[in-house]
Amino acid sequence: MLQYILRRLFTLIITLVGIMVVTFFISLVVPLDPLASIAGPQAPQETVERLRTLYGFDQPIYVQFGRYMQRLLHADLGTSFQTGRPVLDDIIQYFPATIELATMALIVSIIIGIPLGILSAVYRNSAVDHFSRVLSLIGVSMPVFWLGLVLLLIFYFKLGWFPEPGRLDIMLIEPERITGMLLVDSVIALDFEVFWDALKHIVLPAAVLGLYGLAGIARIVRSSMLDVLSQEYIKTARIKGLNEFLVLTRHALRNALVPAVTVIGLTYGGLLEGSVLTETIFSWPGLGRYLATAFLTLDLNAVVGGTMLVALMFSLVNLVVDLIYAFLNPQITLTAS
Amino acid sequence: MTTQPLLSVKNLKVHFYTLRGIVHALERVAFELNRQETLGLAGETGCGKSVTARAILRLIDPPGRIISGSIIFEGRDILTIDEAEVRDIRGSQISMIMQEPKMSLNPVIRVGDQVAETLLIHDRSLNRRSARRQAVDMLAQLGIPDPTRMAQRYPHELSGGMSQRIMIAMMLVTRPKLLIADEPTSALDVTIQAQILALMQTLVSEIQTSVLMITHDLGVMAETCERVAVMYAGDMVEVGSVHNVLKHPQHPYTQGLLQTVPDKANPDQPLFSIEGNVPSLLEPQTNCRFAPRCAHVMDRCKREIPPVYNLNGDHQAACFLHDGSPEAQAV
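Top line first, the protein sequences correspond to chains A and B.
By this note's numbering, the letter at position 283 of the first sequence is numbered 283, and the numbering carries on one by one without gaps.
By this note's numbering, the letter at position 222 of the second sequence is numbered 222, and the numbering carries on one by one without gaps.
Quick caveat, the hints were computed from the structure, so don't treat them as lab data.
Some hints could be false.
[Unchecked claim] Here are the simulated lysine-lysine pairs, PhoX-like style, with alpha carbons at most 25 Å apart:
#1 A:K158 with A:K200
#2 B:K102 with A:K235
#3 B:K302 with B:K13
#4 B:K177 with B:K10
#5 A:K235 with B:K302
#6 B:K247 with B:K264
#7 B:K13 with A:K235
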């Protein structure tokens with residue numbers, strides 16, 4: 001088991017190096033000059049040339065590549081052109097807000113998606129099933145910015161049940177920054193007023209993103225549950241005299257969750273990239289907006305850093321998914337070979 | 001008291017409501033099973049043997065439905081008691097072993113726990129530890145080597161024969177009064193079949209369980225059963241002692257079925273097969289279902305359902321050939 005994890009972490013490093021190389025060459029073929037966006041449109045030619053020497057863009061490509069790799073292998077992601085700060089600092093600044101939102105969204109989609117999928121499989125073609133189908137359809141087909149605005153209009157503007165966009169009420173003081181996630185930091189600081197306020201702020205954006213993830217999870221749980229319920233061992237469980245609740249919880253669910261775990265993992269990976277639209281509507285200072293700006297302004301160092309972070313997150317989520325597989329299904333054994 | 005059978009099935013009718021129409025899977029199934037007796041239920045694939053078995057446990061899956069009839073077990077009609085009562089009977093008084101042992105075990109639960117679960121479901125006072133211990137004892141009784149370690153295994157680590165032993169353990173650990181064995185050996189290697197059958201027989205006589213043995217293998221039937229019921233296309237055609245039915249079959253279908261068994265003494269003889277096909281079950285039964293294939297067919301066979309004639313003693317057959325014969329008497 002430990003050996004397996006170590007081997008996976010080793011392949012992860014190789015993956016990351018591969019991504020470094022690919023990202024470098026993609027940045028070369030972009031038909032735009034990053035220096036133009038750094039220096040600004042009105043900058044005189046000599047300023048641009050000075051910057052080119054400063055950033056090393058005048059060197060031959062293999063020299064640039066060598067420096068780039070050397071820098072990255074020393075965990076130096078460089079400086080962001082847009083913020084003027086080290087990219088790593090920017091990531092530390094923005095990423096926790098995204099983790100927090102992504103995790104809450106995932107929790108929403110799991111606690112609604114899995115029971116909904118089970119119910120629609122058990123009561124196939126009933127009202128519950130139709131409801132779940134419609135909700136899933138809404139989840140995947142409603143644009144998130146539209147849904148976000150509608151939720152804000154109803155629950156913030158009209159009903160006033162939830163607070164304005166943002167992470168925290170401006171009158172409250174943020175707790176000491178430890179993880180960067182307000183919900184966690186406030187608990188560590190035992191500041192429950194902040195915790196409660198932050199929780200209220202995260203509900204609407206998490207609901208918007210959660211509804212999107214919920215759709216996929218409910219559909220996969222429904223179909224795998226239907227498949228499992230037609231298996232012979234479910235008949236065996238009934239013959240033994242188990243009631244339907246025990247048949248579902250003890251015999252069907254664990255088998256049905258295996259395919260769902262894949263979808264949940266992919267959903268979480270996607271959420272961790274950050275969502276530009278949701279973050280913009282809810283004034284959420286997360287990674288999505290940071291990366292979108294980086295791409296639009298050709299902030300190459302930030303693009304490379306963000307790409308590596310997303311790749312790292314996907315790989316880690318996949319590793320966790322595989323570990324959960326092995327836990328759920330004893331037929332899967334994790335061998336290091 | 002002793003004459004009252006353990007299980008008495010009367011006029012069981014089960015229909016399946018499919019998109020193609022109503023499938024009349026069981027039209028007239030009736031038999032009795034005495035205490036500590038092994039009754040064979042014979043017939044070709046699709047004739048309704050397994051449906052009969054599932055109906056006894058009241059576990060017909062939709063779109064199937066039990067239309068009419070009665071299944072009296074120990075004085076109670078399984079078809080009219082409430083769901084909780086049936087659940088109580090399942091696994092503790094009536095158990096069932098299925099055809100595909102490897103598919104019938106839950107892949108994510110240790111086999112020892114699956115055996116123990118049957119005990120725990122029916123005895124709330126039992127704790128997990130002693131249920132596990134009883135399960136291991138049961139495995140030992142089935143001649144499984146190193147039962148403590150075997151109990152820790154998962155189904156995919158076991159062979160087909162071993163899986164079927166686990167199934168038998170799981171279904172007999174509660175000492176039920178009736179065991180339904182639905183083709184318990186047909187998915188197994190020939191070399192293991194005899195072993196499993198012998199094991200089942202020993203255990204069954206030890207805990208004094210009656211058995212309903214469903215099989216299309218007449219050899220298995222001759223070896224294990226005291227009485228035999230023969231089904232054809234959802235209809236019960238002949239019931240009697242294994243000797244009478246196999247040596248002096250009274251229904252033309254049974255006679256044909258027995259002729260299909262290859263003769264070992266005469267290996268060059270071509271294999272016998274009954275002409276024609278099984279009728280569609282989409283029509284309700286209005287005549288003898290075997291009439292289109294029967295060598296002795298008469299006009300009335302195509303118009304009327306033949307009643308069940310009581311022949312000498314225990315032997316019954318549903319065929320007009322016995323109408324008016326001196327020993328026959330319609331029931």
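Hint check:
Between the alpha carbons of K158 of chain A and K200 of chain A the distance comes to roughly 16 Å, so the proposed pair stays at or under 25 Å and holds. Simply put, K102 of chain B and K235 of chain A have alpha-carbon atoms about 13 Å apart, close enough for the 25 Å limit, and the pair holds. At most 25 Å may separate the alpha-carbon atoms for a hinted pair to count; K302 of chain B and K13 of chain B meet this at roughly 21 Å. Restraint check for K177 of chain B and K10 of chain B: satisfied, since their Cα atoms lie roughly 20 Å apart, inside the 25 Å limit.
Under the criterion of a C-alpha separation no larger than 25 Å, the hint pairing K235 of chain A with K302 of chain B is inconsistent with the structure, at around 39 Å. With a C-alpha separation of about 17 Å, the suggested pair K247 of chain B and K264 of chain B falls inside the 25 Å cut-off, and the hint holds. Distance restraint check for K13 of chain B and K235 of chain A: the Cα-Cα separation of roughly 21 Å lies within the 25 Å cut-off, and the hinted pair is therefore satisfied.
Going down the numbered hints, you'll see the structure goes against just number 5.
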